[in-house]
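*Asks:* Protein chains in written order, with the numbering used here: chain A, 1 to 145; chain B, 146 to 589; chain C, 590 to 1239; chain D, 1240 to 1582.
Hints listed in this document are in silico derivations from the structure and should not be mistaken for laboratory results.
Among the hints, erroneous ones may be present.
[As the list claims (entries may be wrong)] Residues of chain D placed beyond 12 Å of chain A at every Cβ, according to the derived structure:
# : residue
1 : E1292
2 : A1385
3 : D1537
[What the hints assert, rightly or not] Listed next, the stretches of chain A that the computed footprint assigns to chain D, with coverage defined by at least 3 CB atoms under 8 Å from CB atoms of chain D:
# : stretch
4 : 39-53
5 : 77-87
[What the hints assert, rightly or not] Now the stretches of chain C that chain A is said to cover, found in silico as 3 or more residues with beta-carbon under 8 Å:
# : stretch
6 : 691-698
7 : 780-787
8 : 1208-1220
The C-beta atom is built at its ideal place from N, Cα and C for all residues, glycine as well.
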Amino acid sequence: MSETKGEFEPKIVVYACNWCTYAATDLAGTSRMSYPPNVRIIRVMCSGRIDPQFVLQAFADGADGVIVAGCHPPADCHYIEGNYKAYRRFELFRKLLETMGIEQERFRLEWISAAEASRWVQVVNEMVTQVKKLGPLKPNLEVRE
Amino acid sequence: MSSVLIVGGGVAGIQAALDLAEQGIDVYIVDKAPSVGGKMAYLDKTFPTLDCASCILAPKMAALLRYPNIKLIMNSEVQDVSGRAGNFKVKILKKPTYVDWSKCNGCGVCTEKCPTKVPNEYNMGLSQRRAIYIMFPQAVPKRAIIDAEHCMRLNPPPKAKEKAKGPLCGVCERNCPTKAIRYDQQPEILELNVSAVIVATGMELYDPRNLPELGYGKYQNVYTNLEFERLVSATGPTNGEIVRKSDGKHPKKIAWIQCVGSRDIRFNHYCSAYCCMAATKQAILAKEHLPEVQCTVYYMDIRAFGKGFNEFLERAKKEFGINYIRGKVVRIDEIPETKNLKIVYEDTAESYMKADEYDMVVLSVAITPNSKLPLPVELTKDGFIQLKDPYLDPVSTTVEGIFVVGAVAGAKDIPDSVTEASAAAARAALIAKRFSCPTPEVVK
Amino acid sequence: MTEEPRIGVYVCHCGFNIAGTVDVKKVAEFAKTLPNVVVAKDYVFMCSEPGQDLIKADIKAHNLNRVVVSACSPSLHEITFRTAVSEAGLNKYLLEMANIREHCSWVHHDKEKATEKAKEIVRMAVAKARHLEPLQELEVKAETSALVLGGGVAGMRAALELANYGFNVYLVEKAPTIGGKAALIGYVDPKTKGAEIVSKMFDRVKDCPRIQVLTNAELIQLSGFAGNYIAKVRLNPRYVNEKCTLCGECEEVCPIEVSNEYNFGLNKRKAIFLPFSNAYPPYYAIDYRVCVKCGECEKVCRFGAISLKEEPKVVDLKVGSIIIATGYDPYRPFKGEYGYGLHQNIMTLFQLERLLDPDSPTKGELIVGNKIPKSIAFIQCVGSRNTTPGAKEYCSRMCCTTAINSAVKIKEKYPDMNVYILYKDIMTYGSDETLYEEAGKKLVQFIKFEEKIPKVSITPEGLFIDVFEYTIQENLRIPVDAIVLSIGMLPPRDIEELIAVTRVSCGGEGFVREAHLKLAPVEAPTKGIFLAGCITGPKNILESIRMGSAAAAKAMSLLSKGKLTIEPMIAQVNEEKCSGCAICVGVCPYSAISIKKVNGDRIAYVEKALCMGCGTCNAACPSGAMQHLGFKDIQLLAQTRAVFGGEMNV
Amino acid sequence: MSEKPKVAWYWCASCGGCEESFVDLAERLLKVFEAVDIVFCPVAMDFKREDVEKLPDGSITVALINGGIRLKEHEEMVKLLRKKSKIVIAYGACSAWGGIPGLANLYNLDEALERKYLEVPTIENPKEVLPTKKIIVNIPEAKMKAELELPEPLPVLLPLDKVIDVDYYIPGCPPTPDVFWNALQALLSGNLPPKGAIVGASNRSLCDECSLNETKPEKVLVKEFKRPDKAKPEPNKCLLAQGFLCMGPVTRGGCTALCIKGNMPCTGCFGLLDGIVDYGGKAISYFGSILDYSPVEDKEIKKAFDSIPDWVGTIYKYSLASAKLSHKAGAKKPKRIKEVVEI
């Protein structure tokens, strides 16, 4: 979270697979699309590499939202079925978020293909709007005065 | 180490090049387009898995750049091939791009500044590009090229030329951060010696204007399937929004007409092999984009012969509610007020003529081989490159050392083309490496 | 980490592409404040010659051991800069890219915000760079040899390509002869006999000393990995050796008679038999599964060619790659499916193919029930496209063309015979369409059915087919003398064993799954294992042959250098931490991980040659022992923390 | 004779199990007494806070602290001990990661108090008496008022290292005598491990010392998750491979797999291994990994996940308070605690 000129600018951490989503984020750039500057992208080779620990670390450090993104099931995954694994891990992860009182809108698991730059832009726009509405996450986590 | 020439940089040519280069063989890819990728680069998704074409193709295209022994000769055409297996002499016409590709880094500044807009071939003319352009965002190599015909500088309109004192425009030259623009670039002839040639020139789409009864080119809302592919593509002219040319509205009913130019004794006798599944795929994509749309496919036989195809067809019917009508379309009429289209067809189930109204029609057009090449190979009567003895000498043309793969050897889909490409790589490698059977020691 | 990181940060203007939106000077100044950053500079085009030289000079001048290039996407220039840093003597994996073009300057317009974001992107890259480690590409020796499983056309083709290329090839076939099913197809196209093609291929295999043909043989165990497999092959006894002259006396005295699978059960054969006249190797064989070892044949053989003492042998073969080409089984219609098994004039397409073969029991005459029928009907899609309860969902691809080809052949030979083809859709794709046209011209009658499948009635008056003709919407009752069931293809019966031994996997339809349906159709997901022919699904003979060549090309690409380079960004086990819990073993899509005993402890072992570097084992590893090099937990956590200015310390 | 090291032992929010584990050292306890002087140990002897305050700073060699930090009193005492001690050791799962009492962090303090004092079926509290900071008791007989001050609860339970600097950790709920003994030996040897180390236990996960590890199939993949109260485990077969949510793979070894020997899956009391930053996050990752379905069978996956009613309680049984998300978000300042009550 960073506060400039009073308006809440959420920070959203994105974990993107190299072959589909990262390629889509590149394509959004080469196509000169425009989206809000609130996202920070971390590249991994496969969505199957993304460890729920990373997402937890991001939330604990002050992320207002997290996106985990990979290739469309069933067949886009460069590594056969990494996206399946990401799906299963993060479906379970949602249960943790729910119990811990974190709004479901703050976490998204998305499938974005290398061609779907516009989908990427749409996801960012939606996420930023939603998270802005929810407000910052960190103060909710700080109970000690 | 001897080398192999690959004519055509589509998915088949790319695959053959990668297989050969990995063995350490030098490879030249000649393509008339400014980027490799071929027809597959135009596709949004591929059947039957619906995986995105660029997700699976782009890494292969990029992989070409990782091999120092692959040379891409783009915007070029083979002019002559002589000699024989093991020692072919190849003459290649390298057409000017008017950009020094060793300097250009694909930054694209020129394409933003260029004042001249022309229809974009990559989007089937459904959007515009500039006179200096990069073929598509994932192009490999990613380099700019000037379309001389439309460039103000290279081909100024006569009136403007008269008025102007010096040379016109020059905007790209002024803005290019790497000083790569060369308005005076001339065509070049390259001469290569190669041991084997792989022809992978693929196909063109049959011009549906030859079937005037279908009204393509006359009625705005009649599309070819490749145009529809661009329309539905996230990288297409509308960013994937399916809208009618006539009024920009979402269609409510779309029809696909199969065998346009194929299986028709008037045009091409052969079956084009890709179109049944392509139409099924496109209908599913239409449903995914516009859940309310009604999709109907008019067919003669549904050819769901490949791996996963029939399962895909069943899914299209059951899960997506795509309607299939076995019927031969006789005529399409446009309704002038709505620009809707009335399809007149013979429903073979009931053996009489019927008519249905749609607001968009997609023609599944035949493919025709890109076989008019200055090569000493023979053609079949359908114009495909003749195979010598496909059982004993797979993918060989009638000339030893020249191999043929992909759709130019017969209509086929991507996996079959890719398989053939690897097969040709094996066969060309034998020649390139000059291994022969009888000498070596026997295995124990 | 042994040495303190010394990081150089290089911010590219990319002309105006970056500098137009991002204040690159400010970014470089900011980079200087980050931990371990020794030098930070900006330049107009980092990828250009002078830009690269700048980095190289700095590496030497400032003794840098990490480099961050803040420019475009790594997909574009990572290789460029890796090469540059390695030219300056730095391990090329000590480079990190910060993508401030595609991810920042090109998608944002507010200069201030874009600059702030670019700073953070650089901070993230520096954070990761602090934890980068030098990585080494590994080379392992690879055998330039292959084991080809299955001696059908696909397998033979692959073997021929590879042997001609210089590989040693073992062609392993379960049956006593190679040739596969193609040898049994009367005519594969109007002009070509199956037996002829196969026989010509035999000649080439024979002439190729690099191919060793092992018949009656099965792969029973496979260990190792790409480049270095050890294949255990069991050689079952043939009991007949090369002294056999094919005189056939043994066959006469043999008391055992079984159904002849080489004629698809049209006739019987003995326990000692020659599969077909031009079988290869060209000797008789004793079917070890049915032989009672009475010794009659041994007694009668004048050439000493038979020895019943032969025992099964197991050999270990060292090979670099495996090509699986074990083909398919024809669909087995159940008794009563379209009358199958209830009337001698109802046969399968494969049986018809045998009848039409000049080398058949009827010498190529279409004789059913002792006479030539006046009419014959083909029923398509038997066992395919969900026609009957036992049928598969897929289309078997070759049956329409094969049936039409046979129909044309029949019409050529018996122009007066009524030939019907009952079909759902005619699948003569591509240029096979001309055959369909030809059949029409020869007055083969095509009858279309849809959901309602034809019904076969066996009556005292003869055979009848009731069918609802779709195009005229009428019920027809067709009297016929013979019925041919155009049966589809099934995965081979022994596919389970194949899976167990080679660890390939199957798709929902039961055939072997390829690495990618579209772009890797002849590769199994496991490196070093390739696929040819119908083992991945129905195909025609030409397609199978081409797949044979294609699979060979893959083996050549992989092994031609005699060594394999292993990418270093793969999984690595910390043996000190691993407890052998085996969770990684199950998640690896490439079966690259196994559990080994190290000093009595269970430890996960990554077969480097098989690992493709997806990192899913790292995500799954509960103890953090498995790490994806280049994307280790600490590197990604450091990157995450750096978004918020935090650090990750070792 | 050189002076013996001085040891202090303090308990915070503890169940008493940790103290029991000390006693469980049995005859080895004598050796402990030989080796050290106990200067502060409220569980065994009557020490007062002043006794500690009087000690010079840094004069205690080792302070062992067990239990989580739940009250202001705990906070004050551990801060005091920190000042007086050279080495502070978090003893047991509660002190190290919050332990089972840390699961109260799933509720804000009001909810927790209401649950504890009003809702629990075994509680009878018709007057709805809740803890109060100060109670003024009127004693009419003596014509006086007495004031009782209760230590104030903290909004959430904290592991020790969120309050003070901790040097070492001894894991377990409670630590087994062997682990405690190993740790003592390591510390008394003078050869001190690096700061922050977990002492006395293994560097590998529990599977390493579990006898059932050998019985694992080649691939650990399951179609459903099972709970020990609903399904009976097959003997001599890896519990995880049977579908039981065994925390063994993600949990530090050192206990010799005691629970597994009793045919109960590991619940994770030895906590996380080096290099892991979030115990439950890691657990999610491997439970998600071993579920053997592809995404098309969406319903089966949901069914398997829904079959476990309390995931957080399962994966963070001992470590919620030290997790990256250590308590329920949106916790408010407690309202139910009254400042003063007069009775």
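*Asks:* Does each hint hold? Answer for all of them.
*Replies:* Going down the list of hints, with the structure as the test:
1. E1292: Correct as stated: the minimum Cβ-Cβ distance to chain A is 25 Å, above 12 Å.
2. A1385: A1385 of chain D is indeed farther than 12 Å from all Cβ atoms of chain A, at 31 Å.
3. D1537: violated, 9 Å
4. 39-53: With 3 residues in contact (Cβ-Cβ under 8 Å with chain D), the coverage given for the stretch 39-53 of chain A holds.
5. 77-87: Satisfied; 5 residues make the cut.
6. 691-698: Our answer is that it holds, as 7 residues pass the Cβ test (under 8 Å) against chain A, meeting three.
7. 780-787: violated (count 0)
8. 1208-1220: Holds: 4 residues of the stretch 1208-1220 of chain C have a Cβ under 8 Å from chain A.
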